[in-house]
Amino acid sequence: MTLRHLTSINDLSVSEMEKIFLHAQAYLEELGDVQSPFRIARSTEGCRGSILATLFYEPSTRTRLSFESAMSRLGGGVISSADPKSSSAVKGESLADTIRIVSGYADLIALRHPREGAAKLAAEYASVPVINGGDGAHEHPTQTLCDLFTIRREKGALAGLNIAVLGDLKAGRTVHSLVYALARFGATIMTFPAGGLGLPDSVDWRLRNELACERLTGNDLGPEIAVGAIYQPRRPAAARRPTVDVLYVTRFQKERASDGVGEYPVVDSAFLSAMALREALVMHPLPRVDELDAALDTNPRAAYFRQASYGVPIRMALIRQFLGYQSEQTGTPDSRESVLQQSDLVCANRNCISRDAVEAQSAPGKFVVVAERRPRCFYCEDETIDAC
Amino acid sequence: MTLRHLTSINDLSVSEMEKIFLHAQAYLEELGDVQSPFRIARSTEGCRGSILATLFYEPSTRTRLSFESAMSRLGGGVISSADPKSSSAVKGESLADTIRIVSGYADLIALRHPREGAAKLAAEYASVPVINGGDGAHEHPTQTLCDLFTIRREKGALAGLNIAVLGDLKAGRTVHSLVYALARFGATIMTFPAGGLGLPDSVDWRLRNELACERLTGNDLGPEIAVGAIYQPRRPAAARRPTVDVLYVTRFQKERASDGVGEYPVVDSAFLSAMALREALVMHPLPRVDELDAALDTNPRAAYFRQASYGVPIRMALIRQFLGYQSEQTGTPDSRESVLQQSDLVCANRNCISRDAVEAQSAPGKFVVVAERRPRCFYCEDETIDAC
Amino acid sequence: MTLRHLTSINDLSVSEMEKIFLHAQAYLEELGDVQSPFRIARSTEGCRGSILATLFYEPSTRTRLSFESAMSRLGGGVISSADPKSSSAVKGESLADTIRIVSGYADLIALRHPREGAAKLAAEYASVPVINGGDGAHEHPTQTLCDLFTIRREKGALAGLNIAVLGDLKAGRTVHSLVYALARFGATIMTFPAGGLGLPDSVDWRLRNELACERLTGNDLGPEIAVGAIYQPRRPAAARRPTVDVLYVTRFQKERASDGVGEYPVVDSAFLSAMALREALVMHPLPRVDELDAALDTNPRAAYFRQASYGVPIRMALIRQFLGYQSEQTGTPDSRESVLQQSDLVCANRNCISRDAVEAQSAPGKFVVVAERRPRCFYCEDETIDAC
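So the sequence lines, in the order shown, correspond to chains X, E and S. Residue numbers for the first sequence follow our numbering, beginning at 12 and rising by one. Residue numbers for the second sequence follow our numbering, beginning at 12 and rising by one. Residue numbers for the third sequence follow our numbering, beginning at 12 and rising by one.
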């Protein structure tokens with residue numbers, strides 16, 4: 012029996028995700044249509060007596076409140092630390108110590124942290140499941156579950172679809188979790204990066220080497236659209252179509268950028284009139300700033316508010332799964348890897364949790380060796396490594 | 012069936028308020044006397060399975076905690092965002108977007124915001140009822156329900172009473188909601204403004220033109236007291252008496268003032284010894300700073316702690332009403348108005364939510380046309396309008 | 012019938028503490044072993060319908076979340092104000108007013124405050140029990156209950172043990188509550204103060220004059236360890252042994268220090284190899300910074316994470332006791348004292364709640380006269396008094 016965590020979307024097998032979608036669908040029906048006023052709110056009592064801790068070291072409305080709403084709808088209790096300045100972090104406490112302690116107060120921990128790899132570190136020290144609610148620019152797997160659930164509801168399936176991701180693909184953690192999952196479900200990924208903000212090398216490498224994608228060059232979507240790259244399953248379900256099924260827009264992650272960005276695309280009705288986008292469903296993890304025109308909100312193709320509304324049933328299903336089924340450990344993509352602990356190497360990503368002065372003792376240089384590749388950081392999954 | 016909100020005290024009919032008072036009285040008896048130690052706390056399970064979201068963009072102790080206590084006493088759940096710096100607002104998200112999202116997480120939203128008209132804007136985008144917990148200097152209707160409930164308990168009725176409001180009547184949002192309600196219940200309002208801080212023109216206009224008050228000049232309360240104006244029902248219940256039944260004291264709203272205030276009245280036992288105030292009940296929405304002497308606290312006429320203690324039963328009754336009876340839409344004073352949307356006009360109140368750069372797209376110039384008067388802002392209800 | 016509060020560990024009799032330990036043990040078994048994953052979380056419904064308010068004017072993770080988890084496990088509700096900047100304190104409201112109001116919203120208040128004596132002040136104005144979650148450098152009695160419970164579980168008893176307290180004994184509030192309790196349970200206290208940070212005179216005086224301790228000089232623990240003082244029960248249970256049973260480490264309270272500290276001891280395996288410490292259990296109230304080497308974490312003598320894990324069952328027992336048994340007032344060490352209110356004297360401790368400008372009116376000069384001694388401050392229990 013091993014304790015299960017959700018630090019990366021790759022911690023879940025495809026069949027586990029399918030199970031979560033099935034349960035989320037049931038909760039959605041039980042709650043009533045969350046889009047309509049006068050819905051009758053009903054809660055299951057399935058988690059009465061259990062406690063969720065939400066530890067948020069970065070601002071959040073959506074993720075924290077939807078986790079808390081989900082736990083409340085399940086009849087459970089919530090304890091929350093939403094402001095880092097009100098917590099013991101200001102006294103210099105390490106994340107490892109905080110997590111060990113909070114493990115004694117709650118049955119499940121949802122964590123958001125500004126450093127990449129923080130969820131992985133937390134999982135090492137927790138005695139209850141840790142769910143990553145966003146760790147720096149690394150991953151945001153629970154958002155991805157909402158995204159996938161939305162696409163399946165609106166498009167019927169994931170395999171064979173053309174999904175375009177647009178905007179800040181470098182620091183956008185929701186994009187990283189999403190593309191891994193899309194690859195595993197057999198979708199084709201098209202990138203429309205804002206200037207200089209393409210997928211990190213580590214994500215590109217994993218798509219091609221671990222998730223069986225072929226990177227295509229060339230652009231058959233027409234001259235109106237600046238495609239970065241196309242990642243296609245090695246054995247695609249169908250012949251390629253020069254149209255986009257889903258356009259996934261993201262905001263510029265200014266809080267993670269070292270400097271400003273040049274031109275950032277704005278998705279409005281003009282943008283969507285390009286031939287290849289004529290049928291595209293528009294999604295966005297929100298919050299949006301200026302990159303998505305509010306005039307689109309009433310367009311039936313605008314799926315982003317529906318997407319957000321699935322946050323509660325998805326997290327209800329996820330909480331149930333992690334509270335009740337920890338023992339069903341199944342193979343994950345990482346299961347064949349060996350972990351290497353080496354004190355003379357450090358991760359080159361300065362925002363990795365292992366580079367934080369307070370956390371250093373709890374998070375020593377630790378690397379995953381994958382095939383013939385040079386090791387990648389166990390925490391942030393970056394592949395650039397420095398000597399100490 | 013229309014979704015009901017409580018953005019202004021004028022959204023409730025007199026009979027709806029009476030119903031809330033009746034239910035609050037029942038809850039008060041059920042909870043035991045909240046003034047006494049050793050009370051037996053009991054909760055009804057009337058709202059089990061429902062969730063209240065408290066979104067507070069301004070500091071609060073009383074309003075937020077009493078809402079949350081009320082929902083907890085009703086057996087329901089609470090999700091809370093109490094610190095704007097920990098929410099998605101810091102990422103530049105508009106209130107409209109936040110409200111649409113949180114509508115999917117909760118069954119009722121209590122909102123506090125520093126901008127006038129924010130609750131009105133939120134109500135436009137919510138798919139669940141929005142209750143205004145204070146919007147800038149505009150209104151604070153749930154405080155008014157506590158105020159009215161207190162006066163009725165202590166004085167037996169509202170019609171025919173002389174109620175004096177003292178202090179910062181310009182920015183004091185509790186005063187604005189209170190005077191509208193007092194006018195509708197048939198009380199006479201006397202204003203004792205601190206220097207330069209009288210009722211806004213828009214409130215004065217509505218009292219005289221929409222709420223059937225006559226503004227009297229002259230002062231029959233004696234030379235000791237600086238009366239600003241007297242608003243009396245057109246058909247008063249009784250002849251005017253030169254005494255004050257209730258003195259409603261408010262603090263200087265320094266967070267909304269562009270500059271300091273000159274002399275601010277201090278209510279102490281000397282002040283209360285004026286002939287016209289000899290029998291006056293002393294009320295205050297709290298928090299107080301220096302304008303109300305703590306030496307009065309033990310005086311039986313000091314009703315402010317009793318007034319505060321009704322916060323929970325009143326909000327229990329309100330939550331029940333808005334969760335359960337959304338469909339009983341009844342006429343409100345605004346129901347005969349027409350709304351005019353005009354993009355070449357803007358509200359002249361720079362603190363109106365429609366003047367906020369982030370909110371501009373969600374809150375376009377929108378005005379209510381009342382009778383032969385020039386239009387007033389749909390959001391903040393101010394009447395000064397500029398061309399763009 | 013008197014309302015009971017827990018402002019100081021001395022508010023509880025030894026038999027009341029024994030009762031709390033007994034109930035905590037039962038809750039611990041009911042919850043399952045909180046150290047193990049896959050525990051089955053279960054809650055009692057013993058406090059359903061009751062509400063706990065956590066008012067924290069200083070940062071906290073452990074104390075606040077363990078209180079909230081305890082109340083949630085008991086089936087009760089929680090309302091929380093964890094960020095002073097989001098509360099009415101920013102509008103200038105006094106603690107006395109806040110407490111009076113919140114007494115109407117909750118059935119029990121847990122308070123943390125940066126000023127010494129704040130809990131005592133709160134207790135004077137509350138109509139529900141107030142539990143001190145730490146008041147400045149004064150006391151932290153609920154931490155002490157966890158500490159005592161840990162020692163009893165690991166060592167079987169308290170009487171006759173040698174307990175060493177190390178570090179910042181001056182500002183470390185957990186130490187003050189702990190040494191009072193240890194003296195009452197018949198343990199011997201050894202102090203290892205960091206340079207200049209010994210026990211305050213007032214704590215030393217009470218140990219010797221009120222809690223029947225003899226202060227010994229000399230050091231029989233060997234030259235490796237710098238003992239400050241030894242406090243031994245007047246009629247010790249057994250002959251003194253030159254060994255330490257428990258080493259209680261504390262961090263430097265930098266937030267309360269006027270200037271930095273010189274050398275601060277670091278407890279690591281070298282430190283623990285001193286002959287007198289060879290068997291010592293290592294405890295720490297946490298958070299730790301650098302004074303306790305993380306390399307000790309896996310040492311079976313390291314009891315600090317177990318100690319932290321008792322926070323929930325101890326607070327469950329405490330909440331039950333204070334919600335249900337307020338009427339069982341028993342004699343406390345202070346019961347023979349007389350209280351003197353004298354407006355021409357002020358407490359000399361500038362951080363005492365009675366010296367706060369906003370609180371001054373609610374907390375006038377008030378002193379406790381003990382035997383032939385000069386009076387000590389009723390609030391912060393300091394003995395230095397100035398004329399106004």
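Derived from the structure by calculation, the hints contain no laboratory data. Even for Gly, the Cβ is constructed at its ideal location relative to N, Cα and C. Each hint should be verified, as a subset may be incorrect.
Claimed, not checked - Straight-line alpha carbon distances no greater than 25 Å define the calculated SDA-like cross-link-like pairs of lysine to any residue that follow:
1) S:K181 / S:Y136
2) E:K30 / E:R317
3) E:K96 / X:A237
4) S:K166 / S:A281
5) E:K265 / S:G60
6) X:K102 / S:K166
Said to hold, decoys possible - Which residues of chain S face chain E? A few of them, derived with a C-beta cut under 8 Å, are:
7) S24
8) I62
9) V101
10) D367
11) A368
12) S373
A quick look at each hint next to the structure:
| no. | hint | verdict |
| --- | --- | --- |
| 1 | S:K181 / S:Y136 | violated (29 Å) |
| 2 | E:K30 / E:R317 | holds (21 Å) |
| 3 | E:K96 / X:A237 | violated (36 Å) |
| 4 | S:K166 / S:A281 | holds (23 Å) |
| 5 | E:K265 / S:G60 | violated (38 Å) |
| 6 | X:K102 / S:K166 | violated (30 Å) |
| 7 | S24 | violated (20 Å) |
| 8 | I62 | holds (5 Å) |
| 9 | V101 | holds (5 Å) |
| 10 | D367 | violated (14 Å) |
| 11 | A368 | violated (11 Å) |
| 12 | S373 | holds (7 Å) |
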